[in-house]
Amino acid sequence: MDTSTLPKAAELATRAARNPRWQPDAALPLHSEIFAPATQGVGVGAALAFARQALKGGEVSALEERSVLWVQDARAIKLGGRPYRAGLPENLRHRLIHVAAKTPEDALFAMEEGLRCRDLAVVVGEVAGNPRALDFTASRRLTLTAEKHGVPLLLVRLEAEADLSSARMRWRLTSAPSAPPRWNVAAPGRPAWHAELFRARAHPPGEWILRDEPERLAAERAPETASETATPDHGDLVRGPGARSLAAL
Amino acid sequence: MAIWCADLALDRWRHSEGCQRGEGPDAAPLALITETAHGPRIDAANPAARAAGAARGMMLADARTLCPAIEVRPSDPAGDLAFLERLALWAMRWGPWSAMDAPDGVLVDVTAVAHLFGGERRLLADVDARCTARGLATRAAIAPTAGAAWALAHFAGRVGERGAILSPDEDMQARLADLPVAALRLDNDVLLVLKRLGLKRLGDLAGIEEGRDRTGHNDIRGRDAIQRRFRNRKSPAANPLVRMDQLLGRVPEPLLPVVPVTAPMVQRRLMEPIRHRQLLDTVVSDLAQDMARTLEAKGEGARRLQLGLWRVDGQVLVRELEMAAATRDPDHMVRLFAERLDDIDAGFGIEMLRLRAAWSQPLGLDQSDLEAAAEQHGTSLAACMDRLTTRLGRGAVQRPVPRASHIPERAQGWQPPLEPEPAEQHQLAFHTRPLKLLDRPERISVLYAAPEGYPRRFSWRGEVCEVARVEGPERIAPEWWREKGSTRLRDYYRVEDEQGRRYWIYRNGLATDGRGGMPDWYLQGLFA
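Listed in order, the protein sequences are those of chains A and B.
Sequence positions in the first sequence follow our numbering and run 1 to 249.
Sequence positions in the second sequence follow our numbering and run 250 to 777.
Think of the hints as simulated: they come from the structure by calculation, not from any bench.
It should be emphasised that the depicted structure is a prediction, and the values quoted were computed from it without experimental measurement.
Virtual Cβ for every residue (Gly too), placed ideally from N, Cα, C.
Do not take every clue at face value.
Claimed, not checked - Per the computed footprint, the stretches of chain B lying under chain A, defined by three or more beta-carbons under 8 Å from a beta-carbon of chain A, are:
id, region
1, 350–360
2, 379–385
3, 471–480
To be verified - Simulated coverage check for chain B against chain A, where a stretch passes if three residues somewhere in it have a Cβ under 8 Å from a Cβ of chain A:
id, region
4, 576–590
5, 685–696
6, 732–738
7, 771–777
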């Protein structure tokens with residue numbers, strides 16, 4: 001067992017460890033998965049917000065700014081389009097590198113190469129559906145590479161079933177009504193998402209409304225729903241209608 | 250400078266016999282012969298044989314009738330050529346580069362070199378002295394062109410003379426006018442043609458070229474006539490006009506210089522003779538390391554390796570290896586040699602080992618631990634981009650850059666990831682823009698209260714969105730300097746539906762703009 005993943009004594013003493021519920025300033029694990037619908041910009045928006053939150057403390061000067069790799073496979077581009085520079089967060093615009101991979105295999109290759117690169121701050125992947133190439137082995141491979149080189153991977157799965165994966169944190173995101181802006185209450189406000197953390201190593205599952213504030217990522221408890229009180233949904237063991245069984249692996 | 254070895258074959262034979270000119274076996278008539286289809290033919294004859302009537306090119310049977318006592322030895326043209334090659338390398342002592350002039354000459358470039366030897370005359374004296382010391386009868390000449398030097402070396406004066414110098418100040422044509430046309434390095438059949446035409450000296454040929462015949466009358470057609478006669482002869486050796494021009498320096502004459510190639514060699518002399526296999530392996534491993542370094546410096550890899558082991562009693566054991574591909578991996582060499590050293594009898598001990606790469610091929614330098622370093626410390630951005638570009642293609646790895654345009658899809662360009670962003674006077678500051686832009690705007694059907702009012706409800710990809718909040722319109726006019734006049738303006742709206750889905754949609758035109766009927770609606774971008 002890898003002892004480095006266990007909490008240390010100093011960490012146990014802090015508030016976050018005593019209260020293991022996820023918080024926006026919790027450390028970003030090196031491999032997270034975000035399940036999102038393809039017809040919304042939710043997945044990547046939240047991924048970039050997570051990345052921004054994680055990078056906030058790390059990079060002090062512009063010299064230390066490292067690039068961000070955004071990998072998309074062809075189907076993800078077809079469903080959700082390409083990144084648009086003018087709409088990206090201010091501090092990521094000039095350092096985005098976009099990879100348009102034709103197949104999921106190429107996308108996986110690009111993500112792994114990106115994780116190996118010490119000059120990248122974060123790798124954001126966007127893969128549509130449940131391609132055969134992205135099985136548990138591939139997922140484990142990405143996790144190991146990310147943990148070896150310390151580059152976080154945020155893998156956005158568009159229109160995908162939550163199949164087996166070794167991601168350390170798995171989110172299911174949909175959009176949520178935004179808070180009305182101050183000066184024009186009829187206009188859409190800053191992005192807000194309904195986020196469900198359904199599998200995480202260090203935190204119990206839970207649901208939040210995430211708001212992408214200018215300076216930080218804010219989280220508030222989601223209004224009580226039926227699923228909150230039910231047993232936590234371990235997505236990788238539940239066999240959905242389209243998911244492959246363990247025997248198929 | 251041209252050096253002509255007049256008697257190269259015989260000089261070599263004398264050297265192998267170890268006799269001086271005209272002494273020992275050389276005193277009797279002797280000829281070097283080759284076997285031809287018509288019987289043995291004389292390639293070279295020594296002075297005694299020549300005095301008796303034998304000549305080069307004569308059949309041996311004819312020579313025997315003239316001089317029954319003539320001795321024969323087989324000639325060795327291949328050996329002569331190899332010797333000439335070594336001679337050409339040796340002749341680089343007089344100039345920066347030299348070229349072989351088969352079958353019996355060497356050309357050396359002595360441009361701006363003569364003063365190092367104390368002048369051209371002394372240079373020629375030095376050549377003469379050193380060649381004589383090697384037992385070669387030579388004649389050298391210095392001239393501004395290789396052709397002129399060759400002509401002077403072969404045809405000016407007698408063999409054994411100091412040689413001839415043609416300085417650039419002299420009138421080259423006048424100096425060479427008296428030489429026979431054979432001085433042009435022409436083929437025998439061309440020489441025959443010229444002889445039949447009555448052109449025996451270079452002066453005759455030059456006169457015709459300039460349109461002067463021997464009586465001094467002008468005849469403009471002279472050069473044309475020769476040109477027509479030899480119009481099909483492209484090779485310089487078959488065309489006297491080309492040779493003449495080369496001789497006088499009017500056209501360049503490329504020469505092929507000889508380049509010395511040395512086989513990489515490393516050796517170890519041992520203080521104590523070794524008798525045990527273990528020590529031998531150590532020394533072989535050291536040699537392999539040295540060899541790898543030597544090969545690496547030359548950018549080569551070995552195909553064939555020879556390991557020589559000198560024993561104390563003077564016996565030499567040689568083991569040879571041949572590799573399938575050029576390599577300079579020392580471990581590989583040691584592993585291969587280890588199998589060949591089992592049957593070595595060290596006797597009283599081995600005192601010297603020598604490893605020689607008899608055959609080597611170019612092998613690019615490579616970073617052997619690139620993968621290992623990347624495993625440990627991660628790759629650099631450039632290396633990462635290289636790998637991605639190599640596998641996915643140049644167009645797949647790109648960076649978005651702003652462009653000066655208000656039209657959303659045109660306001661962004663793509664460029665290779667590591668190129669600097671293009672300099673711009675001013676970046677357009679946009680109102681809120683979506684995170685992602687569809688490659689093509691997709692048509693949606695919209696329900697609205699008034700044609701120019703807010704959209705109420707729209708359906709996209711089979712889903713119905715009830716618009717809950719909307720901001721707009723942001724009107725973007727077409728770029729008239731780029732597009733047709735019938736292009737319609739766009740009214741962009743940011744919309745959010747009841748579930749919080751945020752889109753960027755636009756109405757293409759106005760109902761009243763007179764550029765078509767009712768405007769269509771499109772969805773272009775997705776907000777986060």
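How the hints compare with the structure:
no., hint, verdict
1, 350–360, "violated (count 0)"
2, 379–385, "violated (count 0)"
3, 471–480, "violated (count 0)"
4, 576–590, "violated (count 0)"
5, 685–696, "holds (count 4)"
6, 732–738, "violated (count 0)"
7, 771–777, "holds (count 4)"
Checked against the numbered hints above, the structure breaks hints 1, 2, 3, 4, 6 and satisfies the rest.
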